[in-house]
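Visitor: Note that the protein sequences, when read in sequence, are chains A and B.
Numbering-wise (this note's numbering), the first sequence opens with residue 136 and increments by one.
Numbering-wise (this note's numbering), the second sequence opens with residue 1172 and increments by one.
Note that these hints are calculated values from the structure, not bench results.
Model, not experiment: these values are computed from the prediction.
Treat the hints with care, since some could be wrong.
Unchecked claim - Anything over 10 Å on all C-beta distances counts as not near chain B; from chain A, calculated:
(1) M388
(2) A699
(3) A744
Claimed, not checked - Derived Cβ-Cβ restraints for the label pairs, each shown as a range:
(4) P556(A) / N1446(B): 44 to 50 Å
(5) S560(A) / I1431(B): 43 to 49 Å
(6) T1326(B) / I620(A): 53 to 59 Å
(7) N395(A) / N1323(B): 28 to 34 Å
(8) R568(A) / T1377(B): 46 to 52 Å
(9) I1431(B) / F516(A): 53 to 59 Å
(10) T1326(B) / N395(A): 39 to 45 Å
(11) E1428(B) / P556(A): 31 to 37 Å
(12) S1490(B) / P556(A): 57 to 63 Å
(13) Y432(A) / N1323(B): 47 to 53 Å
(14) P1332(B) / F450(A): 52 to 58 Å
(15) S560(A) / T1377(B): 50 to 56 Å
(16) N1430(B) / P556(A): 25 to 31 Å
Said to hold, decoys possible - In silico lysine-lysine, DSBU-like type, Cα no more than 30 Å apart, as pairs:
(17) K563(A) / K1480(B)
(18) K347(A) / K1522(B)
(19) K1246(B) / K613(A)
(20) K634(A) / K722(A)
All C-beta atoms in this analysis are idealised placements derived from N, C-alpha and C, irrespective of residue type, glycine included.
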Amino acid sequence: MKQLLIPVFFVICLYAELFAQQDTVQLNTAVVFAEQKWLFASGCFTETTDSIVKKLFCNQLISEWPLPSSLILKNYGPGGIVTASMRGMEAKHTSIIWNGIPVNSPSLGLTDLAILPVSPGSEVTIFHGNASSLYHTAASGSAIIMEEKNRFEKILSVNGSFESGSFQSRKTAVSLQASGLTFYQSFSVKLHDSENDFPFINTALPESPEQKQLHAAENHFIMSGQTGWRITANDELTFSWQHQNSEREIPPMMTQTRSNAVLKDSLLNASLQFKKIISSDFSIRLKTALLTNNQQYHDTVARIFSESKTFTQYFESGATYSLSRSLIAQGGLVYSNSQFKFTDYEHRKQLEDYSAFTSLRFEKKKFNTSVHVRKTRRANFSSPLLASAGLEYRLHKKMLIRATAGSSYQFPTGNDLYWKPGGNSELKPEHCRSIETGADFFFHKTSSFSFTIYRNDVSNWIQWVPGAAGYYTPRNIKKVRAEGIETALAIPITIRQWKMKLSASYTFSKSVNRTVYQVLSDDILNRQLIYIPEHSANSSIHVTYYGFGLWLHYHYNGLRYTTADHSYFLPAYHLLHCALMYEHSFKKSKLQPYLRISNLADLHYQSMAWRPMPGRSFTFGVSIIFQHKPSNN
Amino acid sequence: MKKPFFALLLPVMASSLLIFSSCKKDKENTAILPPSQGYLDQMLVINEGAFGSSNGSIDFINPATGIRTDDVFNKANNRPLGDVVQSVFKKGNLLYITVNNSQKVEVVHAASCKWYKTISGFISPRYFLPISNEKAYVTDWGDNSLKIVSLNSYTITGSIPVSQNGPEQLIEAEGKIFVVNSGGFSDDNTVSVIDPATDAVIQTITVGTNPNSIVKDANSKLWILCGGDVGADWTGGTADDIAGSLIRMNPSDFSIEENITLGQFEHPVKLSIRNGSELYFLNGMNGYEGAPVIMSITDNVVPAPVVNKNFYGLGFNPSNGDVYGGYSPFFGQSGYVFRYTRTGALIDSVKAGIGPSGFMMNN
């Protein structure tokens, strides 16, 4: 528990600072301090997680959140790996951005959402489409942006919550936020363990008996914190960190009788960021981060032990300059150095990337447009100039039209290149060209409807395909076209004390091989890629009346093919979740008990073939929130 | 009065919930029904499936018509066969199907493929061999052992550690059981000899590098195919390759009577024998596929392949020697079976399951 003492001590110190600091400091609100994702994302569709979702799921791992229908999760079941993809692309095309730092594993190229820590103060934003030129070359499908902002306000908040649920699941979380006008400190710790011994119908056995899931226990220990210091009115320093330890038993498939495999993950990320406003039209920012990850896979029966260690150093410097009232420019340099060592590599390997980027935004009353350019260089390969441009035009006060186009390069990951056996050092980077257009309609003051039509053309798509010798190998499958439609609807309704919010989204996604690389593989030509449903949808209703709340969430995931020639598939499934909650306030405290019921209809379904998912489950939780806001007088 | 939009949506949400789902086979491939006379006298195709995907299967091809019936186990039993189908052995009117990564042996009726029993408790079973009407051995690659199976109770009754790497094919000769140790995750160059009366290893014989298959000829001599080593890059064709070899052994005194060394980059696999006199195997460079070779047991050099095409699986028609080649474009899609005359003329081809790796005439 020693590791807990330092942050707790720091919070106590800040508490003293909270009451001592009475000076009013006015932050320069110049536009140059605006966020990159909003300022330079003209024409892109983004959505931020609903507040009710955040409230109900803030102590969950993000993989358990009801994420938008456009985000396709590949879920190996409780305790297993979860990855996310969007717009007919793969998980490696979704970049996870933590406080502005891309944190996808340099070896795998993706992030396992089942162990991804999200601090309670974070906003989670989904950036639809090609964000590569803005954030990272790997973000050609989408980006999930987790960002905790420094809130320089006098506040002390302590939040404790406890959850207990089906399948021997327990979660305990404590978070603190103490901030004054010049300091911000947050700290959270979460403990989560579950046996995941849920019953399921095993259709792979004679007479389809009901079984209990075996060897699926998981436990997680997660800590995170952020310290913000407003040095002067124009200077801000932020230190963020997150640490997580997880141990997960890998359950057998339904066609297997047992498994002894265990996966252990350990992660420590830390970043230091400095922002300075030089003048009302010029600001600079410096970022550095260290990202470490250690993963061990151990199967005592099959005598397999595999360990991967990755260590990434990340440096970014950037500046934003307001050329005029309507024209803003930014530019920057990025250097990242990832070193990794696997038991399945011959030697320690290293990937060094150098990037330079620049953006320009022009804004007038009815429209805004932005242009980005990025160039990245890796040892033996330099990407061409990646460019993207976006436009938003307000046709009417109730209608906004938007469009973007761009290109991106996706470098092979460490495993793509070096995994032994199977790694392919001859791989070429993927090249993605994307275009999208859409419109947002606003009606009844706060209601909105959005639609987006997109197309991505990827050449040299890298895909790990099962090889004949029992191991997988990555290959440049020549060309993939992913295209589709995304729609989103939000209707808030207030009638006296009743508050309701209806939201719904539907995604159509067609992602097919346009050319193939082998003789006799015409069977996979122009076929939907595996595990990408053509249709997916979500809808939810949230109703509150005084302190009572009801939340209903429906999710539809369409048919997914599990082989490239469509000889096998998983049928569509529908899920219904609900939650009941109550909030009672006492002076500075709030008590929030809640009951969550997942998979209300107790349906048996699979997200990945022959990996069972749990039926109906109940979770009871209670949160106690203490919040003190001293007045400035 | 206008209905709120969500009031319309709720029934849609509720009506969509009665779905029960699991992995399905594409409708296109389920149209062909099993023949009324059963699957006897048909060519059984082992489709290994992709590791971790549980889509291994068994097909039957009628040699007279060339018509294939796909995924017969699933059709007969309404459930998948399992993950990585390794081998099939026929004893009496039963088929013993070893399913490697499902850690089991499925026992089915040979004519109908209807399920009879499941033998479970293995780690990574590879090949089945009955020793008597009461007892069988199954090589277990995962813990370097042979499991002793009771054919009365269909349970594992014991284990024989071979103390070598990757026990693979096994055969009976001169009252003893010979097991090739294929190397597992490393290398090996031995054959373990087991006395079935005592269930004990009585001898370990050194042969070539990484022996992968073994057959017995009409003269009761054993032929052992050694794949050699593809080297550190796992693909073959590099300076650190160790050549494959074909060895003839006398099972009486364990002496090596003939040792035919192949080229340094030749790593043969999947040895089988027709009528006790013709050796069939695949000769290739990467250690898991190759071009079909037919060789007489009287030859002392390896002839050129009869077909200049690499296959993952190899079989033959015992009556006329037709060659069956299992072709796998990649393990994410269905494979193909090509049939040739024994002189290499293409007869026909038909789609197969994923990763067609072996054949057996069901007669």
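Visitor: Run every hint past the structure and note whether it holds.
Guide: Hint check:
| no. | hint | verdict |
| --- | --- | --- |
| 1 | M388 | violated, 6 Å |
| 2 | A699 | violated, 4 Å |
| 3 | A744 | violated, 4 Å |
| 4 | P556(A) / N1446(B): 44 to 50 Å | violated, 38 Å |
| 5 | S560(A) / I1431(B): 43 to 49 Å | violated, 35 Å |
| 6 | T1326(B) / I620(A): 53 to 59 Å | holds, 56 Å |
| 7 | N395(A) / N1323(B): 28 to 34 Å | holds, 29 Å |
| 8 | R568(A) / T1377(B): 46 to 52 Å | violated, 59 Å |
| 9 | I1431(B) / F516(A): 53 to 59 Å | violated, 46 Å |
| 10 | T1326(B) / N395(A): 39 to 45 Å | violated, 21 Å |
| 11 | E1428(B) / P556(A): 31 to 37 Å | holds, 35 Å |
| 12 | S1490(B) / P556(A): 57 to 63 Å | violated, 40 Å |
| 13 | Y432(A) / N1323(B): 47 to 53 Å | violated, 39 Å |
| 14 | P1332(B) / F450(A): 52 to 58 Å | holds, 55 Å |
| 15 | S560(A) / T1377(B): 50 to 56 Å | violated, 36 Å |
| 16 | N1430(B) / P556(A): 25 to 31 Å | holds, 29 Å |
| 17 | K563(A) / K1480(B) | holds, 28 Å |
| 18 | K347(A) / K1522(B) | violated, 38 Å |
| 19 | K1246(B) / K613(A) | violated, 36 Å |
| 20 | K634(A) / K722(A) | holds, 23 Å |
In the structure shown, a violation is registered for the earlier hints numbered 1, 2, 3, 4, 5, 8, 9, 10, 12, 13, 15, 18 and 19, in ascending order.
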